[in-house]
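All chains, full assembly: derive it from the sequences and hints.
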Amino acid sequence: MDLTQEPVSLEIGGVPVRGISYQPPSPARTGLVLCDPFAEEKKSSENTLAALGRALAAGGFSAWHYDYRGTGDSGGDFEQFALEEWRDDLRAVIEQLRALSGLERVGLVGLRLGATLAAEIAPVVGACCLVLWEPLFEGRRYVRELNQRTAIKGMLTGSPREIASSGESRVAGSERSDQEGMDLGGYLLTPALLEQLGALRLAALPDLPALILECNGRGQVTTRAQALVAEAPQAQAQALVLEPFWQRVGLVNTSPLITATVQWLASLEADYG
Amino acid sequence: MASEELKQQLKNMIVERLFLKVDPASIPDDANLMEAYGIDSVNLFEIVVGLEDEFGISLAEEDFSVEAFSTVEGIAVLVEHKQGG
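Heads up: the protein sequence lines correspond to chains A and B, in order.
Just add 2 to wherever you are in the first sequence, counting from 1, and you've got this note's numbering.
Just add 635 to wherever you are in the second sequence, counting from 1, and you've got this note's numbering.
Read the hints as simulated data drawn from the structure, not as lab findings.
Where a beta carbon is used, it is the ideal one built from N, C-alpha and C, also for glycine.
Some hints could be false.
When the alpha-carbon atoms are kept at most 30 Å apart in a straight line, the in silico DSSO-like pairs for lysine-lysine are as follows [claimed, not checked]:
#1 Lys155(A) / Lys717(B)
#2 Lys155(A) / Lys45(A)
#3 Lys45(A) / Lys656(B)
What follows is a set of in silico ranges between Cβ atoms, one per label pair, in the way DEER data are often shown [as the list claims (entries may be wrong)]:
#4 Arg203(A) / Gln644(B): 45 to 53 Å
#5 Ser661(B) / Pro18(A): 52 to 60 Å
#6 Val126(A) / Val657(B): 41 to 49 Å
#7 Ala206(A) / Val657(B): 36 to 44 Å
#8 Gln236(A) / Glu715(B): 27 to 35 Å
#9 Gln644(B) / Asp185(A): 47 to 55 Å
#10 Ser11(A) / Gln644(B): 30 to 38 Å
#11 Gly673(B) / Ser103(A): 41 to 49 Å
Shown next as structure tokens:
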């Protein structure tokens with residue numbers, strides 16, 4: 003029997019939440035929910051997350067990758083939702099998997115924003131493990147970076163630049179005010195979303211097996227990741243020499259990242275016996 | 636003119652962060668980075684993150700100009716200015 007990959011869906015608050023399920027040939031004992039990054043980063047990482055889903059299934063795991071409400075194939079408009087709803091989406095997905103699949107364990111694998119959300123909800127949903135790819139440590143800094151990207155695009159195109167951020171919003175060359183949010187390459191970031199993004203902070207890891215994987219030019223774990231791991235007995239961090247594929251338009255070979263993830267999860271599975 | 640040491644540090648950072656297949660020392664100070672190395676907005680953002688992480692500066696909206704970011708010399712002048720040099 004081959005791996006299976008098929009569309010799946012559920013409904014949350016009357017809105018369809020759609021995704022893809024990746025299943026191994028034999029029934030899995032552990033399932034992984036893949037947690038999406040944000041906006042353009044989601045687009046740039048679709049191929050990698052699909053490849054991860056297939057690799058997990060090939061490794062004997064079940065994997066589910068849903069689009070948050072208002073994104074991808076799920077229903078609703080992007081502006082209708084913010085982080086609170088996306089946390090609810092992940093919780094609902096895990097609840098449904100537990101109810102329907104008979105899995106013994108459910109873990110979370112997240113990228114960027116998805117990694118930080120996964121770390122937040124993992125203890126709440128009783129996740130067995132956590133893999134964080136390039137988590138966002140400081141939401142305030144992330145919002146600043148979103149602003150900087152917008153400013154850089156404006157600089158190169160000569161178009162008005164809209165700058166807004168939680169707590170220190172400002173707009174230049176535009177009549178929009180910070181109360182109206184921010185246009186991020188076609189994504190309208192509402193004030194509520196900006197505020198929730200700015201409030202994100204990954205200050206500690208839950209007490210469960212966790213792996214932080216970072217990608218950079220040096221292959222060195224950042225001090226922020228080191229600090230988190232130092233306070234979490236069951237956590238470890240690795241860094242790979244890999245381009246930030248979540249920002250790239252072209253394809254990046256992310257197989258080292260996928261391999262490291264599946265191997266770590268397989269070692270945990272072996273420990274379960 | 637910005638210091639030679641700073642410009643070399645910047646070249647190293649740019650090559651490392653953008654995964655360029657060039658010797659950092661071979662990048663001319665006045666080469667147009669966008670034209671010579673195909674640097675786009677995504678790459679420029681990586682440079683900005685590198686400047687803040689590795690050079691201890693904080694860039695505000697008014698710092699973003701094509702003139703400042705086109706060349707290593709321009710970036711070095713910006714860094715020295717932000718560092719109070």
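Checking one constraint from the list: CA of Lys155(A) to CA of Lys717(B), max 30 Å. Satisfied? Holds - the C-alpha atoms of Lys717(B) and Lys155(A) are around 22 Å apart, at most 30 Å.
Starting from Lys155(A), check that the Cα of Lys45(A) is at most 30 Å away, please. 18 Å, holds
Verify the CB-CB distance for Gly673(B) and Ser103(A) against the hinted window 41 to 49 Å. 46 Å, holds
Measure nothing beyond the straight line between the CA atoms of Lys45(A) and Lys656(B); if it is 30 Å or shorter, mark the hint as holding. Holds, because 26 Å separates the two Cα atoms, which is no more than 30 Å.
Range hint 27 to 35 Å (beta carbons of Gln236(A) and Glu715(B)) holds or violated: Taking Cβ atoms as reference, Gln236(A) and Glu715(B) lie about 45 Å apart, which means the hint is violated.
Is 41 to 49 Å respected by the C-beta to C-beta distance linking Val126(A) and Val657(B)? 48 Å, holds
So the hint says 45 to 53 Å: do the beta-carbon atoms of Arg203(A) and Gln644(B) match that? 31 Å, violated
Please test the hint of 36 to 44 Å on the beta carbon pair from Ala206(A) and Val657(B). About 41 Å separates the Cβ atoms of Ala206(A) and Val657(B), which means 36 to 44 Å holds.
CB of Gln644(B) to CB of Asp185(A), is that within 47 to 55 Å? 35 Å, violated
Could you tell me whether the CB distance from Ser661(B) to Pro18(A) stays inside 52 to 60 Å? Given a distance of about 54 Å, which is inside 52 to 60 Å, the answer is holds.
Determine whether the Cβ-Cβ distance between Ser11(A) and Gln644(B) falls within the hinted range of 30 to 38 Å. 51 Å, violated
Checked against the numbered hints listed earlier, the structure breaks hints 4, 8, 9, 10; every other hint is satisfied.
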